[in-house]
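Enquirer: Please build the complex by placing chain B on the supplied structure of chain A, with the hints as guidance.
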Amino acid sequence: MAAAETLYDVIRRQGITRRSFTKFCSLTAASLGFGPGAATAMAEALETKERVPVIWMHGLECTCCSESFIRSAHPLVKDVVLSMISLDYDDTIMAAAGHQAEAILKETKEKYKGKYILAVEGNAPLNEDGMFCIDGGKPFVEKLKWMAEDAMAIIAWGACASWGCVQAAKPNPTQATPIDKVILDKPIIKVPGCPPIAEVMTGVVTFITTFGKLPELDRQGRPKMFYSQRIHDKCYRRAHFDAGQFVEEWDDEGARKGYCLYKMGCKGPTTYNACSTVRWNGGVSFPIQSGHGCIGCSEDGFWDNGSFYDRLTNLHRFGVEANADKVGMTAAGIVGGAIAAHAAVTAFKRVTTKREKADAS
Amino acid sequence: MTIQTPNGFTLDNSGKRIVVDPVTRIEGHMRVEVNVDENNIIRNAVSTGTMWRGIEVILKNRDPRDAWAFTERICGVCTGTHALTSVRAVENALGITIPDNANSIRNLMQLALQAHDHVVHFYHLHALDWVDVISAISADPKATSALAQSVSDWPHSSPGYFKDIQTRLKKFVESGQLGPFKNGYWGNASYKLPPEANLMAVAHYLEALDFQKEIVKIHTIFGGKNPHPNWLVGGVPCPINIDGTGAVGAINMERLNMVTSIIDQIIEFNDKVYVPDIMTIGSFYKDWLYGGGLSGKNVLAYGDVPEHVNDYSEASLKLPRGAIINGNLAEVLPVDHEDPEQIQEFVTHSWYKYPDETKGLHPWDGVTEPHYELGPNAKGTKTNIEQLDEAAKYSWIKAPRWRGHAMEVGPLARWVVGYAQNKAEFKDPVEKMLKDLGLPVSALFSTLGRTAARALESSWAGHQMRYFRNKLIANIKAGDVSTADVDKWKPETWPKEVKGVGFTEAPRGALAHWIKIKDGKIDNYQCVVPTTWNGSPRDPAGNIGAFEASLMDTPMSDPTQPLEILRTIHSFDPCLACSTHVMSPDGQEMAKVQVR
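Those protein sequence lines, which keep their order, are chains A and B. Just remember that my numbering sits 31 ahead of the position in the first sequence, which is counted from 1. Just remember that my numbering sits 1200 ahead of the position in the second sequence, which is counted from 1.
Within a straight-line C-alpha distance of at most 27 Å, the following computed DSS-like cross-link-like pairs (lysine-lysine) qualify: (1) B:Lys1371 to A:Lys137; (2) A:Lys176 to B:Lys1582; (3) A:Lys244 to A:Lys140; (4) B:Lys1582 to A:Lys212; (5) B:Lys1260 to B:Lys1699; (6) B:Lys1696 to A:Lys201.
Note that these hints are calculated values from the structure, not bench results.
Isolated chain B, as found in the complex:
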């Protein structure tokens, strides 16, 4: 049967059904089902969140100052961004302001997360979709060295260096114990890199694994540990003491020097390894421009990284904010988290119940009543799903919409908004990259474009870190060492009933928390997270979500190997523990959550 979706896709589920479960190299649990036609081209796509933890209901009646720690545990990959979103929501509700140093330190931590997450995502979760590890064994180390030196002056590029890596890889493969590379899709026709580019990428996979642990030390310095550093409502927990008694246990010269050194390394790694790798890989995949999905139609960004402390307006935010619909780059629309008509969540195809499922609900009015059931055309049983029925409920993810539109969020969405706003720091790198690859702007709206935007953003984040490191030092130099505002720390100082919203740009996209505080306790808490947007199922109007849209019309070289599906889904950097945040059943207390 053929269905035309309002957002412009033609779905046909008559062909052969392919199920991928588990989808690996993501955070959390996810399933994808597609139908392919006789030419193995994807004509229908179904994406399903297959886990659910209930953090929001657990937060009810807790101390709002503790909420950052609970919500931080929504995700250990994008660790810290939920915590930052949470302290911003609580501060917004209670009218708490933070000192300038706290703003710089929070920005440094958030940007370190962007840089870390993007590097780990590309090399360790995504690269194997583009890079054939086994092919690297047949590379010529001299030619690999020549290739590496032609794209970058990164010092680890001698023939001997690549030969050593190759020898180690060869021994590893010949041992017969392939570890994480076992049962991969090696040799699939969709791999396009020559052996030399594969070997260079394998070397950088290992280097990135060594390097990523350095990036997170920014979190350790200011937050004591990573994953899951510590945060504070009203500022940051780390005091500054540059040269007084006890300075050795605070943010002092030695700590600031470590921050500086790590930032230098981040910038060097991005500019000499990550971005050149993307350019090299991109140059061999120029003809594989599938996976655009919603990116050329509807994108959404909340903005983040405030230049001015306590100012979260569009003008203050260094990451772009706004919405684009129907591919109209000439107009970036304003986004308001508090407007009940803008952000709404639907559940017609999610395992939840609403009194009236034709309507969506704003997070401040959200209802969450779980309702797990398979549709009449599903195959298998309740605890052994063979095939889902997408005409019915089929995911633990709700369907958020912006003014009724399914939206894509993430690095590409941010960069498209920045590009449309004619901001040079976003537009120039994009145009340079496209020019160097000889590709038109339309090529941006693809799996490759999503992957490239992430690399550009990682580079951007490194340079922004240097900016905020300088800003922090300038402010300390000017005599301000404060890091926390404690005027409204005690619950006795709070109003009886308040509500607020906090937002960030998580590595994988727009993230917001809505909170309501009553008598000093959390009365209600709702999160709408990036993978809820991207991984959303269909809505009552029949619009498909960003993951589903991105898989449409992609040819598969071998339908028994889901390589192309993984490549495109991974380009979003899915985080399922985040997306399936909502609460759960058992007991009247949790059967319904009424936010207002």
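So that you can see chain A by itself, here it is in the shape it has in the complex:
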């Protein structure tokens, strides 16, 4: 059997020289903040590794995460699927269906025990014995737990898998439950957002396949490299916020001049994500650049924090020093003692918000 095509092969085939390839590795390692040794490790990994099997399952969701993933510009998703990972199961794009699809799960679980990545898009509803999401005639939650047993690591794609998202918004009729409340004994990387940015998604996957380890996570389980700072911290409209220049009404003079959207309800000051730096769809724009405030879609419970147009009232010009870890620590402490009832979640949000305010002042 011929060797699997590696990323290095792909790059060379596209006319890139060995020298440029090495340079690419150094620059990528540097841009991610790694030392010089990392570049060599990255080069070696890209040249020689067999592709890691990835099982991508779908629970209650809208498939926006899959759609986002295929938008990745660097790397191209074509190269991810053909050369970097082995996407052996993904309901959305796989050729097989029914029994032939189910057979792949069984085979992967046995053949790649402890060696495959389980990527989960969506979450599991627990009401009605799990039958609000039926897969192969059975509750999705059963299939999820079964595949999690032998996974090397688990990725929670998007707000659904990470926090619950829209179907878990009050009153959460199906009891849609984020996967870290269902799978308790495995490392779970949360990649929140509705959806997450394409290059953040492929960045997380290629980090694992390149460096052979999980990315450093904050206390809420999110990769620090993409989720450790707020949209507001790096927003190109920040200067207008600092100068007190705000959009007061849609399509007013301030809107046309690109002033700060804080008064229109922008949640950038309380949202941890990479939108204002990585931006969307190959760097074309991000919500604030296109005139609408951030709706905070990578934050836990963002659907239940009042209207998207309500002004944040807990904001007192806090600086960039209140980082994700501080907020995360608060959250972890409270969640630990809380029951997964909505009332508790709401209370937790309130406390988190207060604490944030305390941090800020």
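Expert: Relative to the frame of chain A, chain B by itself:
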């Protein structure tokens, strides 16, 4: 037992039962069961929506201006169309008008969605039903090049280009790690393409994957991101500032140039790759004209893409509107969303309860009380379904009907309505395609017809985008740069109690939202979506839905491989997260939703 349905199908469930679960390459979760006779011909079909999220009940008591964001998350594949439907419903209820530029920008975004969704649907969700990937390995790259150059002047067509693709594919297959192509139905007798056509299609599968991410940049420019761009009740959130202070952060010349460039690429890709591919594939599948189902009988379209701002009448809509019943193309009937006698939903075979299940309810009077139970003849248990009982309740999808008829919606329905209305922009391309393939009009009513209509529509959408791009620029040139009307932005300005309806043509068909607003909050919200129409279960009269009808009488070459079932179901581009929108149990608050 044999049953004759009122809509003209003979069901016989005595033969061998085949279950396909999960149905893959769709949005969401779905199951299909069929019975085949001794010749492996499908004689009974059962389609089931197997997921359910409850967005409508979640919307209760929320700010109507936020509803677009919630409903947009009904679906991330047809991202934006629910949001547009929602802002239209809220604007309709509150009497809000939008500026001309906002109409052009919304049309550009909606048309970009049509183009994107159709390309991704065909190449990445549907093509593997027609294209045998493994066969491409044995193609002659020179012959492939000759084939490609005979159907299109698309530049990526040299023998070397196809050889490189083939080499990469070969290495991929030989690695033994087949990824998404693992356990496919390669070699099945229902694949009809020669290796060269398969290789050309595989090359275009990869090119389309690269290209689709460009199309959505239209959403990113105007809505900040894709999937799930941002929208605004009263207009669009992006301001226009062509050459003043701060223009660099608004819709300016550079942004408009990017829009123009993307539209040019969309038109070129459709006309040089997508449509020629459909013609090539169609030419090898001319004898496989199964899957027509309801398309030659009952079709429904709401219309979309208003030419004139704030005018959603049939005359203003560029996508056709109307209903055809009993195959009578000579008469296109008017559709009224507000008439309680026209659109109704039934639940006799859905996992919901009505006080009187013999009757249907208009969305403004809708009741949603979940009731999950398997029928007496189902096999398995409540949490391990082996076989459904279609004589009882069997799906999370309700059964919407138009004047009592099960209807097909989607690109084919739209194009059949446009054809019946003798609109040249729909009729001419259809007739040209049929003529080039040497097929009669009746061939349109098939799985292949559905797939071809989608390609024609993607091409149509690209050209319409160019039209609305020009319209936007002409209006800016005339001195109008406004993008939002804020007169009724504040809830204090709203009446105490109002109701409204908004509609669009989503890529997969007719979509409408019905809203009731009371004291500034959502009092009730109901969506009836394309896959609810197409994927509907049986109704009290026994009419089968469009998916079910389309599977009838199709022969399977190998009943252990559901290739033909997937091919026909995929031709509808099913979206199950959309269809199973309705609300859920637990707690009195949600046990019943009374809309009025």
